[in-house]
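**Student:** So the chains spell out like this:
Protein chains: 2
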Amino acid sequence: MKNKFSFKVLHTCKYTGARVGELITPNGIINTPVFMPVGTRATVKSLSPQELHQVQAQIILANNYHLYLRPGVDIVEAAGGLHKFMGWDKPILTDSGGYQVFSLNSLRKLTEDGVHFSSHIDGSKHFFSPKLAMQSQRSLGANIVMAFDHCSEYGISYSEAQKSTIRTLNWLEECAKIELKEHQIMFPIVQGNFFMDLRMHSLRETLPFAKCGLAIGGFSVGEPTKIWLDMLLKMQEHLPQNMPRYFMGLGNPHGLIQAVARGIDMCDCVLPTRIARNGTAFSSQGKIVVKNNKYKADFSPLDPSCDCYCCKNFSKAYLRHLFNVDEILGGRCLSVHNLRYLINLMTNMRKAIYNNDTVDFIKTHMEISE
Amino acid sequence: MKNKFSFKVLHTCKYTGARVGELITPNGIINTPVFMPVGTRATVKSLSPQELHQVQAQIILANNYHLYLRPGVDIVEAAGGLHKFMGWDKPILTDSGGYQVFSLNSLRKLTEDGVHFSSHIDGSKHFFSPKLAMQSQRSLGANIVMAFDHCSEYGISYSEAQKSTIRTLNWLEECAKIELKEHQIMFPIVQGNFFMDLRMHSLRETLPFAKCGLAIGGFSVGEPTKIWLDMLLKMQEHLPQNMPRYFMGLGNPHGLIQAVARGIDMCDCVLPTRIARNGTAFSSQGKIVVKNNKYKADFSPLDPSCDCYCCKNFSKAYLRHLFNVDEILGGRCLSVHNLRYLINLMTNMRKAIYNNDTVDFIKTHMEISE
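Respectively, the protein sequence lines represent chains A and B.
Oh and the first sequence: position 260 is 1509 in the working numbering, straight run, nothing missing.
Oh and the second sequence: position 141 is 1390 in the working numbering, straight run, nothing missing.
For reference, chain A alone in the conformation it holds in the complex:
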């Protein structure tokens, strides 16, 4: 682990695998478990850095694939890196773009060296290898950069999954050769699709590359929740104790708290901001579809127990009006609220873990409909 990064577990729940920890980075301390808002194109959709500070986001994500295409990593590097470019001085994590190369490009061509793909914007031809993906992330300058992996689909055969798992491990070796900047560290990613022996193989082989953190990828890609919950439980005792474990692409409240109970420390997802822009809000009374006619004259906040700007200032009736007339402030308000909701959820879960109350906490929150 580079000097500028360190992690310590402050408490582990007596009855579950849930941990409270502290990840120190050159851009600030992250209290774990943590939910990380996603700012794919160097902006968390519709929100300003000021608002991200207000919801107490501790770290945000950006995406290597999208930023490589637009505006180009050279521009971001010339700006002084992502932090300066987007005006966010707290920690940033970049996803390598592996997931996007595979999910957004039907015309991709996979080789053992990397992936040839066409831009989803203008069809231009590009190539990502582990080396190139890491160099690109080095230029972007996030604190945590992700290894370039092959995230395979749910439902493929064992032999396909095996090939993909091995490919990810081979690529990881290449990724690890790239020297990053002083303020950066790489998280390797465990894959293995939905075959337990491949998952365990991937975990064993990946561990030596995990210097400051370990990610688990390829879950929450469309499979029933029970599948990843079971696999995570089986992996749990083999996960490293002394570093954060990052579950990629998880953002629904039920999933989050169950993953944390199985020892996960970090999660991210576009879900809270995406459903916000469609008019759906999390709340302690269950999900709220704010355009619903029943909120027409409901002058209470989305969630009376929430301390966000939206709940402190606006009623459901006003928010409903904003969505009805297509005003941007509506999606902004719900984005602020949904992020604050998940961040509060993690803060409260940290307290519950400290008190060894994780099981009760989960029971209570699983009763909230989503």
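For the record, the hints were derived by calculation from the structure and aren't laboratory data.
Careful: at least some of the hints might be erroneous.
Copies of the same chain look alike in the list, so a pair counts if it fits in one copy or across any two.
For lysine to aspartate or glutamate, the following EDC-like pairs were computed, each having C-alpha atoms within a straight-line distance of at most 16 Å [unchecked claim]:
(1) Lys1561 to Asp1338
(2) Lys1333 to Asp1547
(3) Lys1380 to Glu1361
(4) Lys1412 to Glu1402
(5) Lys1545 to Asp1323
(6) Lys1412 to Glu1361
Since the structure of chain A is provided, determine the placement of chain B on it from the hints.
**Tutor:** Chain B alone, transformed into the frame defined by chain A:
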């Protein structure tokens, strides 16, 4: 003038008609000349009340026609009025909807009693009379409500203009009969199209109804600037000294400062926020079309002399990127900036007027391209 409203001129420029004044309302003091951001549907597009406070907006507009259709004035009244509904505690002005009834409805039917029109949203049938428009504005609860007028087009004949002018005066009499709430006052509107004698007639007949302020409508509707500038100059000496004069629908910097030099105290327009969403920013170096390729690696702010959140935190290169990838934060940032630009312009003009430097101030600012 109701007790809760008062206006005083603090200084008049020695060499022009420009005035510095102070309008006291039940929701706060407005320093004039003032530019008023427009929040048609109870939201200044893309911005939060927090941001409006940050750009130091003193008063904002909302629109009776739009709010009457959606969400309905009953909802806003049940919320406790517009201030509470939208979370804005400073002064609010509502336009009567006269302008919108005429500009948005091709199927309208005009009678001397009012206007029958079809909703531009769902085609439903509605009727606005002076009485109904005022009652509706009473329910919305803005501090300043506008008389229901007939804003006629540029280019119509003298006899059409005459009819329209008289209609507006007749309607004004009806409007004046409606009792408003304690915290409200009505501004009558001078019309008269582009015929000087009609303008003067309208002004003379309107003056008795002006208790706390007077509006000039029907200008800046597509005619060459010189036309309204000349007419305003001729009207100037006949305008009341002891109340604010509001020029409706003006928001370009050159127009604003020239109107103020002719004794105007209040202006509003959607222009700054509309061009912002299209990627155009005002600046002390002239207009900036931020998507322009030349800003690709320009890491300086939109306007180095601006103190807004956007200029303090983001570069042209970042803003260009946001517009290029269609991210909402781009339009938000430019909206903040353009409003702050006009508000700073008015603040600086107040200083210049105090120092009797209005002429130099105008000269300097007319050199900035727009």
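**Student:** Next, verify each hint and record whether it holds.
**Tutor:** Verification of the hints:
1. Taking identical chains as interchangeable, the C-alpha atoms of Lys1561 and Asp1338 lie at most 16 Å apart only when they sit on different chains, with a minimum of 14 Å there against 26 Å within one chain.
2. Only between protomers do Lys1333 and Asp1547 lie at most 16 Å apart by alpha-carbon distance; the minimum there is 13 Å, versus 42 Å within a single protomer.
3. Within a single copy, Lys1380 and Glu1361 get their C-alpha atoms as close as 13 Å, which meets the 16 Å cut-off; across copies the closest is 77 Å, which misses it.
4. When the C-alpha separation of Lys1412 and Glu1402 is checked against a cutoff of 16 Å, the pair qualifies only within one copy, where the shortest distance is 13 Å, while the shortest distance between copies is 72 Å.
5. When the C-alpha separation of Lys1545 and Asp1323 is checked against a cutoff of 16 Å, the pair qualifies only between copies, where the shortest distance is 11 Å, while the shortest distance within a copy is 49 Å.
6. Taking CA atoms no more than 16 Å apart as the test, Lys1412 paired with Glu1361 passes inside one copy only; the shortest distance there is 10 Å, against 81 Å between copies.
Of the numbered hints listed earlier, not one is contradicted by the structure.
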